[in-house]
Amino acid sequence: MAEHFRGELPRLLRILAAPAGFLPLGPALTLAVRRFARRKPAVFDRLGEYGKCSFLIEPSDLDFSFLMVPDGVRSEVRCMRRRATQPADVTVRAPLLVLLGLLDGTLDGDAMFFNRAISVSGRTDSLVALRNAIEDAELTPADFVGATGGLGKLVDRSVIGGLGLARRFTGSPIPGEPS
Amino acid sequence: MSLELVCPAGTPSALRAAVEAGAHSVYCGFRDETNARNFPGLNFSPDEMIEGVRFAHAHGAKVLVAINTFAKAGAMDAWKAALANAEKAGADAVILADLAVLDHAATHHPNLRLHLSVQAAAATPEAIAFYADTFGVKRVVMPRVLSVEEIAKLNAAIDVETEAFVFGGLCPMTEGRCSLSSYATGKSPNLTGVCSPPEHVAYSEDRNGTATRLNGFTIDRFGAGEQAGYPTLCKGRFVAGGKTSYLFEDPVSLNAASLIAAFAKAGITALKIEGRQRGKGYVTEVVRTFRAAVDAIDAGGTEVEVGRLLAGLVEGGRQTSGAYKKTWR
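Taken in order, these protein sequences are the chains called A and B. So that you can map any letter, position 42 of the first sequence is 42 in this note's numbering, and since no number is skipped, the others follow by simple counting. So that you can map any letter, position 281 of the second sequence is 1281 in this note's numbering, and since no number is skipped, the others follow by simple counting.
Please note that the accuracy of each hint is not assured.
[What the hints assert, rightly or not] Here are the simulated DMTMM-like pairs of lysine to aspartate or glutamate, each with C-alpha atoms no more than 20 angstroms apart in a straight line: (1) A/52 with B/1199; (2) A/40 with B/1047; (3) A/40 with B/1051; (4) B/1325 with B/1250; (5) B/1325 with B/1150; (6) B/1080 with B/1103; (7) A/40 with B/1048; (8) B/1062 with B/1249; (9) B/1080 with B/1126; (10) B/1326 with B/1249; (11) B/1138 with B/1126; (12) B/1088 with B/1077.
[What the hints assert, rightly or not] Stretch-level coverage of chain A by chain B, calculated; a stretch enters the list once three of its residues show a Cβ under 8 angstroms from a Cβ in chain B: (13) 28 to 40; (14) 57 to 66; (15) 118 to 127.
Note that these hints are calculated values from the structure, not bench results. Every residue gets a Cβ at the ideal spot worked out from N, C-alpha and C, and that includes glycine.
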């Protein structure tokens, strides 16, 4: 199992985040990914055959995980309690802030692997494809809530600023700095 | 500008990131076996290349298209198409290694500027003169087996530009001639454009740490918290003579920032950053840092602390000046 890595959420935040596992995060994320697929289909073209693969994303500091099949407008995301976790083609495990940094391109996946901030098991090729597709997607927080224009910029500024502060606070990796 | 900074881009967004971070030139490839970073989800479609070149030119940067694998006998269509698409996109140069591809480019695309890839491993005045005289090659990427002094002597004996790697992943083997990946997986950077193809890589964790396997061969095992490297045989740990060690090369990244002034003095035209497989975070940080370092040297200033600034991005958590200094001799 992965060892405790600095940058994980503090215990208090984990406790506060625990009820989120009971929220309908899966359906909300499914809608967000499908909406994004309609807006930027090229991202899913880049994934090619790997769009049919299942990706289990495990935030190491939360009690729930996400199972995603990024199949364009047929994408599915399921949120599940850690104990109910299902087998997947590939599993990636890292602290939540690291996973979010990889999602928005703030952090470099190879560097996080070298530093042992992430662990991977299963089909490495499908994860490489997903990482590269996400890299090119230039995802922003506004993409996940469907916000555009001025509201989108406000969401981006707020969330990115908040994540930056959270990284400093938790000791999570900062781009370019030693972990 | 005394030194041109040539920066990697695996995706259109990485190209934009490189240009915005200060790249003088960006190198990238098409999404097929014609370039030596043929990883899933990476690289450019012909339309994306057109748009990438347009973006780079609008910002005063050049685009060099890597078509640097060795063409298959009797099946050159992909390489021919890549050359035609690079010219159509308005690429400033193509980076080639294979004799047949060079010949086709020189014959059918005489307006394309030709650079010789590191994959061609041309390290002597005679070899370089052959490529220059026969195909009109204008620039040669130096194999990472030469010292700065050797490059200076080489530059004095040739009439073409030279480009040297300054940062990033480090092949300990002579490029274009390494068969380790082929031995383990049947695929290589030379022919299929990928070293240690990810479909052959597997990681497994147990209480002793993480084991790395390449097509079933266990090539390394990392203890908890120990820095990791790329899953390549050349960076694997093996038992030989009763000792476990990194037999060929440690997991380590090249960082020759301290030699930028020496490179300029040696007559090198361009400095190249490795890493088309890396993310935007890497591209932005490395390009911005090296642009500052090159500008500082140009202005007669002091060296930028590149090693400290980029410590979090390097393989195995370590950096080396590689063969450029050759202190091991």
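Comparing the hints with the structure gives:
no.	hint	verdict
1	A/52 with B/1199	15 angstroms, holds
2	A/40 with B/1047	15 angstroms, holds
3	A/40 with B/1051	16 angstroms, holds
4	B/1325 with B/1250	17 angstroms, holds
5	B/1325 with B/1150	10 angstroms, holds
6	B/1080 with B/1103	11 angstroms, holds
7	A/40 with B/1048	14 angstroms, holds
8	B/1062 with B/1249	34 angstroms, violated
9	B/1080 with B/1126	27 angstroms, violated
10	B/1326 with B/1249	14 angstroms, holds
11	B/1138 with B/1126	15 angstroms, holds
12	B/1088 with B/1077	16 angstroms, holds
13	28 to 40	violated (count 0)
14	57 to 66	violated (count 0)
15	118 to 127	holds (count 9)
In summary, the structure is inconsistent with hints 8, 9, 13, 14 from the numbered list given earlier, while agreeing with the others.
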